[in-house]
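Student: The whole structure should be built from the sequences, with the hints applied where relevant.
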Amino acid sequence: MKVAQWKQEWFGNVKGDVLAGIVVALALIPEAIAFSIIAGVDPMVGLYASFCIAVVIAFVGGRPGMISAATGAMALLMVDLVAEHGLQYLFAATILTGMIQIIFGICKLAKAMKFVPRSVMVGFVNALAILIFTAQLPHFKGEGWIMYALVGLTLAIIYLLPRITTAVPSALVAIVVVTAIVVLGDIQVGTVGDMGALTQQLPVFLLPSIPFTWETLMIIFPYAFALAIVGLLESLLTSNIVDDMTDTESNKHRESRGQGIGNIIAGCFGGMAGCAMIGQSVINVKSGGRGRLSTLVAGIFLMFLIIVLGGLVVQIPMAALVGVMIMVSIGTFDWSSIRNINRLPRTDAAVMLVTVAVVVYTHDLSKGVFAGVLLSAIFFAAKISRVKVTNELVNQGQKRIYYLEGQLFFASISDLPVNFYFMDQVTEVEINLEKAHLWDDSAIGALDKIEMKFEQNQIAVSYSGLNADSQQLMQRIGGISKASGH
Amino acid sequence: MFQQILLATDGSEHSIRSTKQAIELAKKFSGTIELIYVIDGQTAKSDVLHAADKFEVEQKRLEKLKAVEDIVRTAGIKYKITILHGEPGPTIVAYANEQAFDCVVIGSRGLNNLQTFILGSVSHKVAKRVNCPVLIVK
Numbered sequence: 001m002k003v004a005q006w007k008q009e010w011f012g013n014v015k016g017d018v019l020a021g022i023v024v025a026l027a028l029i030p031e032a033i034a035f036s037i038i039a040g041v042d043p044m045v046g047l048y049a050s051f052c053i054a055v056v057i058a059f060v061g062g063r064p065g066m067i068s069a070a071t072g073a074m075a076l077l078m079v080d081l082v083a084e085h086g087l088q089y090l091f092a093a094t095i096l097t098g099m100i101q102i103i104f105g106i107c108k109l110a111k112a113m114k115f116v117p118r119s120v121m122v123g124f125v126n127a128l129a130i131l132i133f134t135a136q137l138p139h140f141k142g143e144g145w146i147m148y149a150l151v152g153l154t155l156a157i158i159y160l161l162p163r164i165t166t167a168v169p170s171a172l173v174a175i176v177v178v179t180a181i182v183v184l185g186d187i188q189v190g191t192v193g194d195m196g197a198l199t200q201q202l203p204v205f206l207l208p209s210i211p212f213t214w215e216t217l218m219i220i221f222p223y224a225f226a227l228a229i230v231g232l233l234e235s236l237l238t239s240n241i242v243d244d245m246t247d248t249e250s251n252k253h254r255e256s257r258g259q260g261i262g263n264i265i266a267g268c269f270g271g272m273a274g275c276a277m278i279g280q281s282v283i284n285v286k287s288g289g290r291g292r293l294s295t296l297v298a299g300i301f302l303m304f305l306i307i308v309l310g311g312l313v314v315q316i317p318m319a320a321l322v323g324v325m326i327m328v329s330i331g332t333f334d335w336s337s338i339r340n341i342n343r344l345p346r347t348d349a350a351v352m353l354v355t356v357a358v359v360v361y362t363h364d365l366s367k368g369v370f371a372g373v374l375l376s377a378i379f380f381a382a383k384i385s386r387v388k389v390t391n392e393l394v395n396q397g398q399k400r401i402y403y404l405e406g407q408l409f410f411a412s413i414s415d416l417p418v419n420f421y422f423m424d425q426v427t428e429v430e431i432n433l434e435k436a437h438l439w440d441d442s443a444i445g446a447l448d449k450i451e452m453k454f455e456q457n458q459i460a461v462s463y464s465g466l467n468a469d470s471q472q473l474m475q476r477i478g479g480i481s482k483a484s485g486h
Numbered sequence: 001m002f003q004q005i006l007l008a009t010d011g012s013e014h015s016i017r018s019t020k021q022a023i024e025l026a027k028k029f030s031g032t033i034e035l036i037y038v039i040d041g042q043t044a045k046s047d048v049l050h051a052a053d054k055f056e057v058e059q060k061r062l063e064k065l066k067a068v069e070d071i072v073r074t075a076g077i078k079y080k081i082t083i084l085h086g087e088p089g090p091t092i093v094a095y096a097n098e099q100a101f102d103c104v105v106i107g108s109r110g111l112n113n114l115q116t117f118i119l120g121s122v123s124h125k126v127a128k129r130v131n132c133p134v135l136i137v138k
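Protein chains in written order, with the UniProt record's numbering: chain A, 1 to 486; chain B, 1 to 138.
Keep in mind that the hints were calculated from the coordinates and are not lab data.
Bear in mind the structure is a predicted one, so any value in this text is a computation, not a measurement.
One should not assume that every hint holds.
List of simulated lysine-lysine pairs, PhoX-like, C-alpha gap at most 25 Å [claimed, not checked]: (1) B:K27 <-> A:K286; (2) B:K125 <-> A:K286; (3) A:K286 <-> B:K128; (4) B:K138 <-> A:K286; (5) A:K114 <-> B:K54.
Tutor: So this is what it looks like as structure tokens:
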């Protein structure tokens, strides 16, 4: 059984996996380079990361057919670390990120994903799209119309080519065409080569050269922690999407551990932290990739291309990369959330917008997620601590029935007594709890107090409609049971 | 003649029109209708993003098809719903050809004009490659 599953995951779809892996490798190159530039490191750092992570995840990931590599979400988190402390600290943070993710995986924290509301996740991807887009704007500074025209041409090819053929990724064709125009026409524009060195060799094992001190740990830990959380969030979201597209299940805890192992190895081989990529995984599945082989082929073919074609890669004009990144940001943005924003509950829309705003302001996806989760928790508490009380007179005005609706617990009972007329003219009061739920000692206490106040005015109190759970709580805590005659 | 009808739908206004035509056809030949809804990568992404879990994703998709389903049910025609994943055009073609339908009914335009402009129309692809007769509803 185990062997059969292993065989299926690796060799169940060889032809589709190899072809899709090649397509993904071609699509990965421009992104890996562009994300390196966002992070402020040499293109090789992103390429090595993509190679290491893809290859490692192929073996240890929990979701066959999902593509993991260097990503924009992670690159955006490491900008300050690279700028202030340099590359070696980035490698160290990458290794630490992996360790944290492995701990998350072992502790099965993927389950905690359910505490991140949808509106926060929507805000997350929208903020990511906005940041990837704004990260491209500096490249336009001080450039002439040639650069603008090249970006325009790149985008035109990307969006119009699929009308004619979908056999090759249109982003790659755009890059090839624009690079050819620039090289053959001898046009002077900024190229990838200007952004950093590109070495045509395999990554080598090297521990980061940093002082192994408490101080170093304190520098890298906040970054590593944010990277670990953002990486897992995006990876688990991506694995859900791949699950849905392929109508299969995946192991989320194994994926968390796998992401960790991938990052540790990337850090040891001169790569930056990465995670699963929604866009590339969708490309993979669309191109026919289903098994682990597709991820492995993507990683290996990527490295092969860099070693063989490295000399050409440095000649890619930045304009073409900027065009590809604009496409990535358009594809990442969840446009349906804008179309439907009026139909969403107000609080959900607010949570989404706050998540986006915090990320755009702080440039830190993890802070946005934190703010979003916190705000939705507050909204939830406010919503749930509202208890509705209505009443009606029966028995020719002799008896009044109060209907309580909602959750009765410590936070919701403080305003409860104001809804009752203790100086009423009736002789009998019934408290109907059919649509209410008693949760704690405070709820029982509040009802006791209400009962007492009525009895001081010679009004008898009875209860009705208690659900089994609440009844049990009442009996255990006592107070009420004597008066209600149980 | 047209007993087994495959109705390609995405729950949009347009596909309601094609649903009515499919019903006419089914009534005339006392046939059955199979509703097929194909989810592409982009839709899968946004559906998953907006739902808490698998169950909810499924519920929302069935909800999308509810308007279409209601019309077919009130018409008293035997029907079945199939949800598939992939590129709409090729997926519909493959399914129609391997299941031996007598007729495929499809609307000429789906939800998104921009997509039609960029990707070309799904109905065109289907008409070209499906073996049985195809009814394109304007």
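Student: Taking each numbered hint in turn, which are not upheld by the structure, reported in ascending numerical order?
Tutor: 1, 4
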